[in-house]
Amino acid sequence: MDLKQGGIALVLSTLISTSLFASTAEGEAAYNQQHYEKAFILLSTEAEQGDAKAQYLLGKMYYNGQGVTYSPEQTEKWLLASANQGNADAQVLLAAFFWYQNTPEGRIKAFEWYQKAAKQNSADGQYGLGYMYDTGSGVAQSYENALIWYKKAAALGNSDAALAIGYDYDMGIGVKEDKAEALKWYDKAAQLGNTSAQYNLGLMYEQGDGVPQNYQKAASYFEQAGHNNHAKSQLELGYLYDSGKLGTQNLEKASFWYQKSAEQGNMYAQFNISDMYFYGEGLPKNMEKSIEWMQKSAQQGYARAQNQMGIYYRDGIGVKVSPVQAYAWFSAALNHGYTEAASNVAAMEQLLTSDDQIQAKLLAEQYSSQYKTEEDQ
Numbered sequence: 001m002d003l004k005q006g007g008i009a010l011v012l013s014t015l016i017s018t019s020l021f022a023s024t025a026e027g028e029a030a031y032n033q034q035h036y037e038k039a040f041i042l043l044s045t046e047a048e049q050g051d052a053k054a055q056y057l058l059g060k061m062y063y064n065g066q067g068v069t070y071s072p073e074q075t076e077k078w079l080l081a082s083a084n085q086g087n088a089d090a091q092v093l094l095a096a097f098f099w100y101q102n103t104p105e106g107r108i109k110a111f112e113w114y115q116k117a118a119k120q121n122s123a124d125g126q127y128g129l130g131y132m133y134d135t136g137s138g139v140a141q142s143y144e145n146a147l148i149w150y151k152k153a154a155a156l157g158n159s160d161a162a163l164a165i166g167y168d169y170d171m172g173i174g175v176k177e178d179k180a181e182a183l184k185w186y187d188k189a190a191q192l193g194n195t196s197a198q199y200n201l202g203l204m205y206e207q208g209d210g211v212p213q214n215y216q217k218a219a220s221y222f223e224q225a226g227h228n229n230h231a232k233s234q235l236e237l238g239y240l241y242d243s244g245k246l247g248t249q250n251l252e253k254a255s256f257w258y259q260k261s262a263e264q265g266n267m268y269a270q271f272n273i274s275d276m277y278f279y280g281e282g283l284p285k286n287m288e289k290s291i292e293w294m295q296k297s298a299q300q301g302y303a304r305a306q307n308q309m310g311i312y313y314r315d316g317i318g319v320k321v322s323p324v325q326a327y328a329w330f331s332a333a334l335n336h337g338y339t340e341a342a343s344n345v346a347a348m349e350q351l352l353t354s355d356d357q358i359q360a361k362l363l364a365e366q367y368s369s370q371y372k373t374e375e376d377q
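The sequence shown lines up with residues 1 to 377 when you count with the numbering used here.
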């Protein structure tokens, strides 16, 4: 009798377990297909019944605001439930959740959860742990420990960890500067598709930094990253075509890559594409677009673009003449380190009426405060 009851219980337990797994799998499939409403319904049921994978995915949905309103309370509740059952993905995301609280308590909790994930051989957990040792966040800084965990993560295919090792050797952070080692680790990260590593390799070959200068190799790495929307690589590739360093100048390709980078908000590319529209180089001349891109660059704090906007308003190039606007832009450029703007500021002061000077100086203060780079802040 006992044997029969035990057998029935085992069958029922197996059926329930299989049912849970099937529903969670369906919920995960719906999540991956971005059918968030369906995923939420399926995963909520399984999460409530204790399925760790469902709890993790539900927490992730609340964390990312996918199909639901972002909720820190629900995020922590479900990720913690899953993490406590040993789900390494939940432990990593929970660590990130605590990390971004940017509080001493949050950083300590982040370290604890990264550590739990790392001990389960989670590459992301190992990278997170390495990063915390590297930066001394939530734990005493230790470059030695950072390198240990970065190497463990890199061995499991984490490209950010390989990038970090390469950067440390490149800059001599916590280790003796070693360009050959930097090149090796950047290459490993680049082969894993890391665009920042591809960009760094491109820079090394472009500048001849630790390797023989080779513009063709530099362009190859920049192009790999550029095709994956790495704005700085797109800028550098545009420059290589613009400058003729790849053999012959190719303004069409230069404008193509500058445009790509500019559209992603790179202020230097915005300045360059503005220039190309201004002169009609590599694309049809278009003053309206030229002014538009120059203003975008200036508003991001690029001092050279701010000086150029001053010239446009001073001389009425593509805009209505405005001594007040010209003075404000020249002043912003000077305040942000573009010393060539000093003579322009002085010249404009002579042209302004006493009433205009008051308005111009107020606008100059606004532009200098509002339109600046992170370095100027």
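Any given hint could be a false lead.
The list that follows gives simulated cross-link-like pairs (lysine-lysine, DSBU-like), each with its CA atoms no further than 30 Å apart [unchecked claim]: (1) Lys-109 to Lys-119; (2) Lys-245 to Lys-289; (3) Lys-38 to Lys-119; (4) Lys-151 to Lys-188; (5) Lys-60 to Lys-38; (6) Lys-60 to Lys-176; (7) Lys-296 to Lys-361; (8) Lys-320 to Lys-372; (9) Lys-253 to Lys-217.
With beta-carbon atoms standing in for the labels, derived distance ranges [as the list claims (entries may be wrong)]: (10) Val-68 to Gln-357: 16 to 22 Å; (11) Gly-172 to Glu-48: 49 to 55 Å; (12) Glu-26 to Thr-135: 19 to 25 Å; (13) Gly-318 to Ala-342: 22 to 28 Å; (14) Pro-72 to Thr-45: 50 to 56 Å; (15) Lys-77 to Gly-247: 57 to 63 Å; (16) Ala-180 to Ser-71: 16 to 22 Å; (17) Lys-320 to Gly-247: 28 to 34 Å; (18) Lys-179 to Ser-220: 15 to 21 Å; (19) Gln-350 to Val-175: 43 to 49 Å.
The set of hints was computed from the structure by calculation and includes no laboratory data.
Virtual Cβ for every residue (Gly too), placed ideally from N, Cα, C.
Query raised in the report: Do Glu-26 and Thr-135 keep their Cβ atoms within the hinted range of 19 to 25 Å?
Result: At roughly 40 Å between Cβ atoms, Thr-135 and Glu-26 fall outside 19 to 25 Å, so the hint is violated.
Query raised in the report: CA of Lys-320 to CA of Lys-372, is that 30 Å or under?
Result: With a Cα-Cα distance of about 24 Å, the restraint between Lys-320 and Lys-372 holds, given a limit of 30 Å.
Requested in this report: For Lys-320 and Gly-247, compare the CB-CB distance with the range 28 to 34 Å and indicate the outcome.
Outcome: About 43 Å separates the Cβ atoms of Lys-320 and Gly-247, which means 28 to 34 Å is violated.
Query raised in the report: So the hint says 16 to 22 Å: do the beta-carbon atoms of Val-68 and Gln-357 match that?
Result: Given range 16 to 22 Å: violated, Cβ gap about 55 Å.
Query raised in the report: Does the hinted range 16 to 22 Å hold for Ala-180 and Ser-71 at CB?
Result: 49 Å, violated
Query raised in the report: Would the pair Lys-253 and Lys-217 pass a check requiring their Cα atoms to be no farther apart than 30 Å?
Result: Holds, because 17 Å separates the two Cα atoms, which is no more than 30 Å.
**Report entry** Lys-77 versus Gly-247 beta-carbon gap, inside 57 to 63 Å or not
**Finding:** 60 Å, holds
Query raised in the report: That 49 to 55 Å hint for Gly-172 and Glu-48 (C-beta), does it hold up?
Result: 52 Å, holds
Report task. Confirm or reject the claim that Lys-179 and Ser-220 have a C-beta distance inside 15 to 21 Å. Result -> 19 Å, holds
Query - Satisfaction of hint between Lys-289 and Lys-245, Cα-Cα up to 30 Å - result: Holds: Lys-245 and Lys-289 sit about 27 Å apart, inside 30 Å.
Report task. Starting from Lys-60, check that the Cα of Lys-38 is at most 30 Å away, please. Result -> 15 Å, holds
Query raised in the report: Using the C-beta atoms of Gly-318 and Ala-342, is the stated range 22 to 28 Å upheld?
Result: 24 Å Cβ-Cβ, so the 22 to 28 Å window holds.
The structure is inconsistent with the numbered hints 3, 6, 10, 12, 14, 16, 17 and 19, although it conforms to all the rest.
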